[in-house]
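Participant: Listed below are the residues making up each chain.
2 protein chains.
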Amino acid sequence: MTAIRHNVTVKVEPEKVFNAITTQQGLERWWAKQTTARPEVGFVNVFTFGKFRNEMKVSKLIPNKKVEWECINSIEEWIGTTISFDLEEKDGRTILRFSHSGWRAVTDTFAGCNYDWALFMKSLKSLCETGAGTPS
Amino acid sequence: MTAIRHNVTVKVEPEKVFNAITTQQGLERWWAKQTTARPEVGFVNVFTFGKFRNEMKVSKLIPNKKVEWECINSIEEWIGTTISFDLEEKDGRTILRFSHSGWRAVTDTFAGCNYDWALFMKSLKSLCETGAGTPS
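Protein chains in written order, with our numbering: chain A, 1483 to 1618; chain B, 1483 to 1618.
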C-alpha cells in the first residue's frame, strides 16, 4: 500500500479551506466543475470529468480540521482508496496535508495522479487566496 | 526507502526535454535561476535557491532517454538521494517519468517537496512547450 502526499501552506485561515473542500460551491471551483457535494458524513459526493466519474463517500468531517472521503466508484485503481485533507492553523495560515492513500501499487497512473493532485492543490490554494481556482 | 514520482506528458520531442534537463541554459529556465551545469557524467551541477544549495553529481546520461543525478550536498534529507528523468517518445510527444528516490522516511519535508517537484515539472513542461518556465 502506498500514498500520495502533498503539503501546502495556504495563506488564509482553516475555515476558508474547510469550506472549499466540503461545499459544492467550493469544490466545483478548484477540482471538478461538475460536482455534487454536501458537507455531511455519509453523503456521496460525485465529481465528474468528462467520462471519468468519481463517487466519494464523506467518511469524516471535523470542522476546520479534517475531511476524509472513501472512494466507492471511479477508475479501478482508485476504488477502495482514501482521500484526506488535514488542516493545521499556524500564524493565521493553514498547513494543508493532503493524502490519497490505499494505492495497491506504484504505477504510471499513480505517478500521473500524483502530478495532477499537486496542480489541483495549487488550484485550491489559489481559490482560497485569490478567489480563482483552475478546476477541470 | 520511498520515492517521489511524477509522470507528465510534454508535447515536444525528447531531444528538447533532454536539453532542458541537461544544459545550464535549460535548467536555469525551469528550476533554479542560479544554476551551474554541464551535460557531462561526473560533473557536479550546482543549483542555488537563496541559502539552499544543491550539489547534484551527474551519474547517468543517455541522450534523449535518461538523466540521473546523485545528490551529494543539500538539506540533510536529500543527501544520498537520487533524481532521475526517464524520457519515452510517443507520437512525437515525450512521456517524462520523474523520480526522486532514496528518501529514508515520509516526512513533512517529503510531502512539501512532492508538491514543489510537481510545480517544477509543470515549469519544465511549459518551458519546452511555450518557451517560458517559472524557475525559482
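Quick caveat, the hints were computed from the structure, so don't treat them as lab data.
Wrong hints could be hidden among the right ones.
Copies of the same chain look alike in the list, so a pair counts if it works inside one copy or between any two.
In silico BS3-like cross-links for lysine-lysine, where the CA-CA straight-line distance does not exceed 25 angstroms [what the hints assert, rightly or not]:
no., residue 1, residue 2
1, LYS1548, LYS1533
2, LYS1572, LYS1547
3, LYS1533, LYS1572
4, LYS1572, LYS1539
5, LYS1533, LYS1498
6, LYS1604, LYS1493
7, LYS1533, LYS1493
8, LYS1604, LYS1515
9, LYS1533, LYS1547
10, LYS1498, LYS1548
11, LYS1515, LYS1572
12, LYS1498, LYS1572
Participant: Determine for every hint whether it applies to the structure shown.
Facilitator: Against the structure, the hints come out as follows:
| no. | hint | in the structure |
| --- | --- | --- |
| 1 | LYS1548 with LYS1533 | neither (29 angstroms within a copy, 34 angstroms between copies) |
| 2 | LYS1572 with LYS1547 | within (12 angstroms within a copy, 43 angstroms between copies) |
| 3 | LYS1533 with LYS1572 | between (39 angstroms within a copy, 24 angstroms between copies) |
| 4 | LYS1572 with LYS1539 | neither (29 angstroms within a copy, 37 angstroms between copies) |
| 5 | LYS1533 with LYS1498 | neither (30 angstroms within a copy, 33 angstroms between copies) |
| 6 | LYS1604 with LYS1493 | both (12 angstroms within a copy, 22 angstroms between copies) |
| 7 | LYS1533 with LYS1493 | between (34 angstroms within a copy, 23 angstroms between copies) |
| 8 | LYS1604 with LYS1515 | both (16 angstroms within a copy, 22 angstroms between copies) |
| 9 | LYS1533 with LYS1547 | neither (32 angstroms within a copy, 33 angstroms between copies) |
| 10 | LYS1498 with LYS1548 | within (13 angstroms within a copy, 43 angstroms between copies) |
| 11 | LYS1515 with LYS1572 | neither (30 angstroms within a copy, 30 angstroms between copies) |
| 12 | LYS1498 with LYS1572 | within (14 angstroms within a copy, 42 angstroms between copies) |
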